[in-house]
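Protein chains: 2
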Amino acid sequence: MTREEALLKLEEFEKVSNALGHAMGIMYYDAATVAPKGSAQGRAETLGQLAGMMYELETSPEHEESIEVLFKEKEELSFVERRKIEEMHEGFEKMKKIPKELFTSYQMLSSESDAVWHEAKEKNDFAMFEPYLQKMFDMTKEIYSYTDPEKDPYDAALNSYEKGLTKERCDEFFKALREKIVPLIRRIQEKEQIDDSVLHLNYPKAQQEEFSEYLIDIMDINRDNFIIGETEHPFTTNFTKKDVRITTHYHENALASSLYSVVHECGHALYELHTGDELMNTCLGGGVSMAIHESQSRFYENIIGRSEAFTNLIYPFLKEKFSEQFKDVDEKSFYKMINRAEPSLIRTEADELTYSLHVMVRYELEKAMFKGEITAKDLPEMWKKLYKEYLGVDVPDDKQGVLQDSHWSNGNIGYFPSYALGSAYGPQILLEMEMELNLAEEIASGKLTKGNAWLEEHIWKFGCLYTPTELFEKVCGKFDPTYYTDYLEKKFSEIYGL
Amino acid sequence: MTREEALLKLEEFEKVSNALGHAMGIMYYDAATVAPKGSAQGRAETLGQLAGMMYELETSPEHEESIEVLFKEKEELSFVERRKIEEMHEGFEKMKKIPKELFTSYQMLSSESDAVWHEAKEKNDFAMFEPYLQKMFDMTKEIYSYTDPEKDPYDAALNSYEKGLTKERCDEFFKALREKIVPLIRRIQEKEQIDDSVLHLNYPKAQQEEFSEYLIDIMDINRDNFIIGETEHPFTTNFTKKDVRITTHYHENALASSLYSVVHECGHALYELHTGDELMNTCLGGGVSMAIHESQSRFYENIIGRSEAFTNLIYPFLKEKFSEQFKDVDEKSFYKMINRAEPSLIRTEADELTYSLHVMVRYELEKAMFKGEITAKDLPEMWKKLYKEYLGVDVPDDKQGVLQDSHWSNGNIGYFPSYALGSAYGPQILLEMEMELNLAEEIASGKLTKGNAWLEEHIWKFGCLYTPTELFEKVCGKFDPTYYTDYLEKKFSEIYGL
Numbered sequence: 000m001t002r003e004e005a006l007l008k009l010e011e012f013e014k015v016s017n018a019l020g021h022a023m024g025i026m027y028y029d030a031a032t033v034a035p036k037g038s039a040q041g042r043a044e045t046l047g048q049l050a051g052m053m054y055e056l057e058t059s060p061e062h063e064e065s066i067e068v069l070f071k072e073k074e075e076l077s078f079v080e081r082r083k084i085e086e087m088h089e090g091f092e093k094m095k096k097i098p099k100e101l102f103t104s105y106q107m108l109s110s111e112s113d114a115v116w117h118e119a120k121e122k123n124d125f126a127m128f129e130p131y132l133q134k135m136f137d138m139t140k141e142i143y144s145y146t147d148p149e150k151d152p153y154d155a156a157l158n159s160y161e162k163g164l165t166k167e168r169c170d171e172f173f174k175a176l177r178e179k180i181v182p183l184i185r186r187i188q189e190k191e192q193i194d195d196s197v198l199h200l201n202y203p204k205a206q207q208e209e210f211s212e213y214l215i216d217i218m219d220i221n222r223d224n225f226i227i228g229e230t231e232h233p234f235t236t237n238f239t240k241k242d243v244r245i246t247t248h249y250h251e252n253a254l255a256s257s258l259y260s261v262v263h264e265c266g267h268a269l270y271e272l273h274t275g276d277e278l279m280n281t282c283l284g285g286g287v288s289m290a291i292h293e294s295q296s297r298f299y300e301n302i303i304g305r306s307e308a309f310t311n312l313i314y315p316f317l318k319e320k321f322s323e324q325f326k327d328v329d330e331k332s333f334y335k336m337i338n339r340a341e342p343s344l345i346r347t348e349a350d351e352l353t354y355s356l357h358v359m360v361r362y363e364l365e366k367a368m369f370k371g372e373i374t375a376k377d378l379p380e381m382w383k384k385l386y387k388e389y390l391g392v393d394v395p396d397d398k399q400g401v402l403q404d405s406h407w408s409n410g411n412i413g414y415f416p417s418y419a420l421g422s423a424y425g426p427q428i429l430l431e432m433e434m435e436l437n438l439a440e441e442i443a444s445g446k447l448t449k450g451n452a453w454l455e456e457h458i459w460k461f462g463c464l465y466t467p468t469e470l471f472e473k474v475c476g477k478f479d480p481t482y483y484t485d486y487l488e489k490k491f492s493e494i495y496g497l
Numbered sequence: 000m001t002r003e004e005a006l007l008k009l010e011e012f013e014k015v016s017n018a019l020g021h022a023m024g025i026m027y028y029d030a031a032t033v034a035p036k037g038s039a040q041g042r043a044e045t046l047g048q049l050a051g052m053m054y055e056l057e058t059s060p061e062h063e064e065s066i067e068v069l070f071k072e073k074e075e076l077s078f079v080e081r082r083k084i085e086e087m088h089e090g091f092e093k094m095k096k097i098p099k100e101l102f103t104s105y106q107m108l109s110s111e112s113d114a115v116w117h118e119a120k121e122k123n124d125f126a127m128f129e130p131y132l133q134k135m136f137d138m139t140k141e142i143y144s145y146t147d148p149e150k151d152p153y154d155a156a157l158n159s160y161e162k163g164l165t166k167e168r169c170d171e172f173f174k175a176l177r178e179k180i181v182p183l184i185r186r187i188q189e190k191e192q193i194d195d196s197v198l199h200l201n202y203p204k205a206q207q208e209e210f211s212e213y214l215i216d217i218m219d220i221n222r223d224n225f226i227i228g229e230t231e232h233p234f235t236t237n238f239t240k241k242d243v244r245i246t247t248h249y250h251e252n253a254l255a256s257s258l259y260s261v262v263h264e265c266g267h268a269l270y271e272l273h274t275g276d277e278l279m280n281t282c283l284g285g286g287v288s289m290a291i292h293e294s295q296s297r298f299y300e301n302i303i304g305r306s307e308a309f310t311n312l313i314y315p316f317l318k319e320k321f322s323e324q325f326k327d328v329d330e331k332s333f334y335k336m337i338n339r340a341e342p343s344l345i346r347t348e349a350d351e352l353t354y355s356l357h358v359m360v361r362y363e364l365e366k367a368m369f370k371g372e373i374t375a376k377d378l379p380e381m382w383k384k385l386y387k388e389y390l391g392v393d394v395p396d397d398k399q400g401v402l403q404d405s406h407w408s409n410g411n412i413g414y415f416p417s418y419a420l421g422s423a424y425g426p427q428i429l430l431e432m433e434m435e436l437n438l439a440e441e442i443a444s445g446k447l448t449k450g451n452a453w454l455e456e457h458i459w460k461f462g463c464l465y466t467p468t469e470l471f472e473k474v475c476g477k478f479d480p481t482y483y484t485d486y487l488e489k490k491f492s493e494i495y496g497l
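Sequence lines, in order, name chains C and F. Residue 0 is where the first sequence starts when you use numbering that gives the first Met the number 0, and the numbers rise one by one after that. Residue 0 is where the second sequence starts when you use numbering that gives the first Met the number 0, and the numbers rise one by one after that.
If we strip away everything but chain C, and leave its shape as in the complex, we get (with noise of 0.2 angstroms):
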């Protein structure tokens, strides 16, 4: 095969791997926003055929050979076919490891699992989800013992995420984090709490999805391209950097909620609308990783959403639709109040500073469950324990505690830490963003058009044609979580008057 040959082989393979990905995809939004509950088993079939197609071409004789021949003459390629290359070697290399019958079944159980977790959820019902959570952990560390055998299978997991990530790094990063977290919130447990209640009075939903158009005028996404929808956890998805969707869960008496969601996804969706032109439909399209994702997301999230200027600029909005509500709140207590700190239950709904403890319970507890120290049925209690022992809150039930999330079912196993490394990304990137301008002149201007082509120019646009560590070193020089610490340490002091 010439490299002539190989580039257009190459070609046909990334259309027919994008139809198959794309159609996944579409069938998973579906499933979360509005199939039938009746429809699993008929999807999870379809999807398993489909993760099947995707297994054949991907582990073809022929695309074997085409990667082969280009990854020989890569030095030959620019530097965008020869990012890809890499990439789909490391990927191919992986991926023929995997006995097919185990990539299927994981396919189906993923499929499975989502929609018994739905129900778990829904009933508080623990005992059911339990068997496909074992399942779910299981396979995804066999699936690891297979394509990283050289490696711990949790670190794997870690670097499916994050490239480059270990529990060491965990670890210590975890433990810089509880060095100055912990206390700075015992501090502000010995001060006078904020009082939030106005912002779990009832706000009708319907009230609440204009206020997420608001948002997402002031994010200035372009329309064409993006849509929102509901779902009982929200999130983000992508199928072309023309198709990108985010979905939120209104819960009428919890302001903050759909509000920090909305920042939160729009956040990543930015991210995906505005990778590179040349990247799309290839495997360069797209961010590079979660923890780069949930950096951005993260910094629209905290440190635009979270700012004073941001809540400033929201205020007039709020004040007009829900005048008897915000009644008697002004500016600046709306901007406290959306800041108050207390350790409580749900991660989603966490606060900026309490954030990451919630993190590293489900880091405590996927590396335990890697190690056989506990198997699915030990979750709750440890998931109590742990919440007890980190946040000082006591969990009543396991729809509060290990059901909340929808990561495990779906085998996001190893996620979660980006979630943390992600938002202490934040005020290092910010940071440099100042150096050219002035992000609160730019919230109170109503629109984050300067933000976001700021953003576009230094991370979004690259997509995956760096790895993670060399494109934030490109931005911001050296990670150090000092920054991060520092940060909450400044804000928050301020906010409580320490």
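To be clear, the hints were calculated from the coordinates, so they are not data collected in a lab. Keep in mind that the hints are not guaranteed to be accurate.
Any copy will do: because identical chains look the same in the list, a pair fits if it lies in one copy or spans two.
What the hints assert, rightly or not - DMTMM-like mimics (lysine to aspartate or glutamate), calculated; alpha carbons at most 25 angstroms apart, straight line: (1) K446 / E433; (2) K387 / E189; (3) K99 / E13; (4) K241 / E121; (5) K174 / E363; (6) K99 / E61.
Since the structure of chain C is provided, determine the placement of chain F on it from the hints.
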């Protein structure tokens, strides 16, 4: 290949084919309901790829051999297996004849053309849709020239929705309706018209949505396997009998519009939900033909939904929800409003009596397009001319004219005559049903459980085991449009006091 090997091959084929069909179906549904506008190009590429895979699958030498083996030995097979093979053999023979490039181009054209139609309708801009529409007719005709070279291409188009249907039969059928219905309409036009302005007051969408849910309850539909969505043009789709979906469109100034869309589409949905379990995931699952399908949907819409028993049943709900709008409306006047017969512009909102004349316009235009007597450019004017001639109405613009239906943009050419034929089947089915149950009493009970059970037993459960004509004759004997014209004459003579 032995018979056993061929049966295994067939089973594998059905799995992959169902998976591809399922994925494509979900993508169409997604496109019609929620997908962002900018997603059309990416979706067209994916659908093109999936259709290409389907084509490869359906024309593979292995598949050919397994069908040939089984077709030769069909007398040795069970009735279900034999019917399956007969259907597949016929489909296979046709599919083989279509050049692959034509087939995939057609799939891509359908998808693009549908997106353009949506925009064209919105903007009332026929010119932007015209080239797509012309290509859609040309390509459809070209496909039939390959699959049915011996047939007149428009006969072939009619056949693909109703096996055995020809232009001659259609010409005769429409002639019969014209001779009875046109004079009936003339007599009605001499009487005082029913005032239905109440139905055109403001009916907020949120309350209409509640009303839809109430109607679905009356229809006794299992919600585990059913959802309702919103689209420009209402339709029904199904992926398995466990996942059946209808859509509607809410017009706030036309209460009856979504009401009868919902009842109509629920008729389609019930048929799909109740085909035999043993046919699930085979090519025999699902309704047998468009005319039989329409006979079910229009049975629910008209014979049930526009009966006095039904309008009496739903009257209290409407009186309560819309007390202001309904303040001067009694049951009898509501029944009459619902059955106001008057030539109008929009097919889907036409009354029971004039409906077939809308179909006749489309039939004549399709016939002329196929004959090459006219091109897409002529359609808007021809449409206006025929509406004046048959229905006596002036069509003010293309949005309310030739752009109103989605069928042509989706390639459903030759479909329309089934609507009229399906309507005409209804009264003959009613006659048989009423030998075993009193439909008016069943409706008055508030749940159509027994009516559904009768149709399931006599029609739905058979799926595609019999041809449409066999099935109809099994239930009703020979088709005779006189039952239909008699039914209309009796009903509308009473309403208008003729």
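Verification of the hints:
1. K446 / E433: within (17 angstroms within a copy, 66 angstroms between copies)
2. K387 / E189: So K387 and E189 pass the 25 angstroms test inside one copy only (19 angstroms; across, 82 angstroms).
3. K99 / E13: Both: 20 angstroms inside a chain and 20 angstroms across chains, each within 25 angstroms.
4. K241 / E121: Intra 34 angstroms, inter 21 angstroms, cutoff 25 angstroms: inter-copy only.
5. K174 / E363: Answer is within; shortest intra-copy Cα gap is 12 angstroms, inter-copy 78 angstroms.
6. K99 / E61: both (17 angstroms within a copy, 22 angstroms between copies)
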